[in-house]
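*Asks:* Below are the chains, spelled out letter by letter.
2 protein chains.
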Amino acid sequence: LKVCIIGLGLIGGSLGLALRAGRLTERIVGYDRNADDLALALERGAIDEVAADAAAAVRDADLVVLATPVLAVRGLLTTIAPHLALGAVVTDVASTKSQVLDWASLSLPKNVTFVGGHPMAGSEKSGMAAARPNLFRGAVYCVTPSQGASELAVQLVERLATGVGARPLRIDALAHDAAVAGISHVPFLAATALVRCTTHDPRWRTWSEIAATGYRDATRLASGDPAMYRDICLTNAAAVEPMLRELAAQLNEMADHLADPSYLDELFVDARDRRDAWMNGQARFRLP
Amino acid sequence: LKVCIIGLGLIGGSLGLALRAGRLTERIVGYDRNADDLALALERGAIDEVAADAAAAVRDADLVVLATPVLAVRGLLTTIAPHLALGAVVTDVASTKSQVLDWASLSLPKNVTFVGGHPMAGSEKSGMAAARPNLFRGAVYCVTPSQGASELAVQLVERLATGVGARPLRIDALAHDAAVAGISHVPFLAATALVRCTTHDPRWRTWSEIAATGYRDATRLASGDPAMYRDICLTNAAAVEPMLRELAAQLNEMADHLADPSYLDELFVDARDRRDAWMNGQARFRLP
Chain G
1 LKVCIIGLGL IGGSLGLALR AGRLTERIVG YDRNADDLAL ALERGAIDEV AADAAAAVRD
61 ADLVVLATPV LAVRGLLTTI APHLALGAVV TDVASTKSQV LDWASLSLPK NVTFVGGHPM
121 AGSEKSGMAA ARPNLFRGAV YCVTPSQGAS ELAVQLVERL ATGVGARPLR IDALAHDAAV
181 AGISHVPFLA ATALVRCTTH DPRWRTWSEI AATGYRDATR LASGDPAMYR DICLTNAAAV
241 EPMLRELAAQ LNEMADHLAD PSYLDELFVD ARDRRDAWMN GQARFRLP
Chain D
1 LKVCIIGLGL IGGSLGLALR AGRLTERIVG YDRNADDLAL ALERGAIDEV AADAAAAVRD
61 ADLVVLATPV LAVRGLLTTI APHLALGAVV TDVASTKSQV LDWASLSLPK NVTFVGGHPM
121 AGSEKSGMAA ARPNLFRGAV YCVTPSQGAS ELAVQLVERL ATGVGARPLR IDALAHDAAV
181 AGISHVPFLA ATALVRCTTH DPRWRTWSEI AATGYRDATR LASGDPAMYR DICLTNAAAV
241 EPMLRELAAQ LNEMADHLAD PSYLDELFVD ARDRRDAWMN GQARFRLP
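Order-wise, the sequence lines are chains G and D. Under this note's numbering, the first residue of the first sequence is numbered 1, with each subsequent residue one higher. Under this note's numbering, the first residue of the second sequence is numbered 1, with each subsequent residue one higher.
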């Protein structure tokens, strides 16, 4: 299997390292417009060969992985479309799927297949330097086929997922986008709002001395890559917006009931029990 | 030094274990209305002696530590007031300080001194079974003297803090309560609101399979002790309410700007940089 990875940051680089560790592929060709990431990818063995540009990178590939920020995927699809091999399968790793599938159906020729992908793994660090082969170990890897994608093409992307140690989960693009809005994008925005409200307060200097592990964990997502989350918001606003407003309404409802012990008891016990149930379900798998 | 600990849950039990490990005290007498926690505290060596009730527990103590949920402190102060030794110092570990200081000034006789305390350490687990001697290692320990407290009394509580491995920080009660509202209570409520909005969504079953470490960390605080947080809200509503509404307003403002790349860039870069600056400052100390 000849694989091409375009974008050798945290995700693309880790995919390359994991594929190599698993000896799944004959050859991995890579391209990144950032020359440092590209050189480091070659040096660390995430790729076997550096391509001169995106068009050259995809030329002989059976499987093309676009591992750039989501908004860059649009232009890349147009760039690579005329250069793809007959029957090639193209996938991505972007955090939102509906727009990517739309772009793919507009840009790609009929003789190649697009199957969206989204590994549910990451880090608040970014770049090839942060890549590691076990990043996907035990993680869910969402697979969102385009309309009319052949079963073989979908299975190739599922093999990529299992090949890097993840668990593929086939899911419709709209269902995926709603899910990640709820469990990832809105939590990021909540963490960012928490950081904004606290660090801009005139009393922050004192607060910063007292803040400890609770604050650290509650705000961890706010240290994520700003450009990635900007693109996420821009491409998933339809799912994110109503959930963000619902969260704000929930906070205002709480503010109305801070003197109501039975409201607080019911709310806090329910949330704890539901989160603990989820954590117990997760314990079967991973969570590093 | 004769110490009495009333309340042998996570915090009281860990204080006892840490004091014993540090050999700071001659003798620790303990009481908890939960017979299991009390027996386990004796068995694990968090206390040397079990008292029959709170009044008996404080009788000969130089330092009395009230380590119960904050609302229980009020009644306890009334209960122990007539039984305290002349010159005793009473402290607590509650998460809010203004109300506790008010209660102490109303309940305690003039010949004993109250000095509030709040170790900034915890866990989403609770009870004596979760207690451990290194819980406070490197943590900030807020010390809020009552009006007119002698320097010696304040220093005794600061010795308790350093004796369990923490770093005492003298702070006014109102400033403390605003700080913990911002860096602990509102983050807990945000985590709880996130759990509520996601786990009550009809699509949660799918979402729960995809949720990973980001969701886990963003919601970790929601697994905290519901009774403790209820009491926190009831006693710190004045500080919590405006911050909760500000957070909600911030989320609604974000919802208004999800299609505005320069707004998102500015917001996300600023929050990331400010959180990273805080994390780098923390790196000098602890954070297990």
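Just so you know, these hints were derived from the structure itself, not from any lab. There may be inaccurate statements among the hints.
Intra- or inter-copy, both count: the list cannot distinguish identical chains.
As the list claims (entries may be wrong) - Subject to a maximum C-alpha distance of 25 Å in a straight line, what follows is the list of computed SDA-like cross-link-like pairs (lysine to any residue):
1. K125 to R220
2. K125 to P261
3. K110 to P82
4. K110 to D36
5. K125 to Q282
6. K2 to D270
7. K125 to D217
8. K110 to Y263
*Asks:* Please go over all the hints and tell whether each is borne out by the structure.
*Replies:* Hint check:
1. K125 to R220: both (11 Å within a copy, 20 Å between copies)
2. K125 to P261: between (41 Å within a copy, 22 Å between copies)
3. K110 to P82: within (11 Å within a copy, 87 Å between copies)
4. K110 to D36: Result: close neither inside a copy nor across copies, 35 Å intra and 70 Å inter.
5. K125 to Q282: both (24 Å within a copy, 18 Å between copies)
6. K2 to D270: neither (50 Å within a copy, 41 Å between copies)
7. K125 to D217: Answer is both: 15 Å inside a copy and 16 Å across each meet the 25 Å cutoff.
8. K110 to Y263: neither (57 Å within a copy, 38 Å between copies)
The earlier numbered hints that this structure contradicts are 4, 6, 8.
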